[in-house]
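Student: Assemble the whole structure, with the sequences as input and the hints as a guide.
Protein chains: 2
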Amino acid sequence: MAHRLSDTITLLERTPAALDALLRDLPEFWTNRNEGEGTFSIPYVIGHLIYADKENWLPRARRILDYGESKPFDKFDRWGHVEICRGKSLPQLLEDFARIRAACLDELRSVNLQPAQLALRGNHPALGAVTLSELLATWAAHDLTHIHQISRILAGSYRDEVGPFAKFLGVLKCNGHGG
Amino acid sequence: MAHRLSDTITLLERTPAALDALLRDLPEFWTNRNEGEGTFSIPYVIGHLIYADKENWLPRARRILDYGESKPFDKFDRWGHVEICRGKSLPQLLEDFARIRAACLDELRSVNLQPAQLALRGNHPALGAVTLSELLATWAAHDLTHIHQISRILAGSYRDEVGPFAKFLGVLKCNGHGG
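Going down the list, the protein sequences come from chains A and B. Just so we're on the same page, my numbering is the position in the first sequence counted from 1, plus 21. Just so we're on the same page, my numbering is the position in the second sequence counted from 1, plus 21.
Among these hints, one or two may not hold up.
[Stated by the list, open to error] Residues of chain B clear of chain A, computed beta-carbon distances all greater than 10 angstroms:
#, residue
1, Leu86
2, Lys109
3, Gln113
4, Arg122
5, Ser131
6, Gln135
[What the hints assert, rightly or not] Listed next, with one range per pair, are the computed distances between beta-carbon atoms:
#, chain 1, residue 1, chain 2, residue 2, range
7, B, Asp127, A, Leu86, 48 to 58 angstroms
8, A, Leu86, B, Arg130, 48 to 58 angstroms
9, B, Arg142, A, Arg54, 24 to 34 angstroms
10, A, Pro136, B, Asp127, 20 to 30 angstroms
11, A, Thr31, B, Arg25, 31 to 41 angstroms
12, A, Gly101, B, Ser131, 43 to 53 angstroms
13, B, Arg25, A, Arg142, 51 to 61 angstroms
14, A, Asp95, B, Arg130, 43 to 53 angstroms
15, A, Tyr88, B, Asp127, 53 to 63 angstroms
16, A, Arg142, B, Glu116, 22 to 32 angstroms
17, B, Lys109, A, Asp95, 39 to 49 angstroms
18, A, Pro93, B, Arg25, 46 to 56 angstroms
These are calculated hints, taken from the structure and not from any lab test. These numbers were taken from a predicted model, which means no experiment stands behind them. Quick reminder that beta carbons are idealized off the backbone N, C-alpha and C, glycines included.
Tutor: Right, dumping it as structure tokens:
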């Protein structure tokens, strides 16, 4: 199912400012926790979004445009953000994310993709054939998955503090669904 | 477990701007859907946050300070936002939310609650005894539950558009956990 690229861009444009408004200068009480071994802290989530903008979405889109299904996408390093985050504060990462996202969207607009191109297929190393439309729609949905994750990481800091109200708070029952 | 009121206020202050940055002027494609019968659209979520700020958090805090456990909290109308939302655009609701939230936090600061007061108990109609600390911590966690919900409502618009990538997107597997 093809999608309207303008809807995707509209959402992708908003994520850095939304995360900046929520997270900048939030005390470490809120931002330092993760959800256990092998999970992301808030700075790691922002680093992951940066790394994915650099290494995943547009490089894969270019792979589809250049090679179609004949050359699979490079694998994505789920821990590629560690180097990006080293020595950087959360506000610095939020600024980097805003800058890189804006540059990526400038580049995406400059390609001026046509509907027929959105139907082109690439070769995902785990999923097999995917369309350029699906890849770009996933870029936006991936932002939303990480907003979902951030709300959950933050809420976890208050798991005990809310006492019996926990039963009314869906975010505290969320286990991330493996994604 | 008592919490630091300053941590709660810090988070509560940020929610309106974060939601404004994410949602203002987003096309109706993104903001008009809900998750099925009896669920909230994005404007209804903002209306619900407004209604809860007006009718729930501080009124219940005042009830604890004035009556302790002797007079239960009034019940909360889960559909109280319908009247608030009538005839209002999403940008208008976001502005109302920012204004009402700022006024509530001014009022909360003016009460200048002391640690001993945070341990005072009230009488919740469904949960029984809850402390003022738990009530105020839940105000912040409730914001996060609705950010969690908003990310899920938005992502649902791209359920089909992401194709096989859906298996990697936790937000698309979330059912809201009844909260």
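Student: Hint by hint, work out which the structure violates, then give me just those numbers in ascending order.
Tutor: Violated hints (numbers, rising): 10, 16; every other hint is consistent with the structure.
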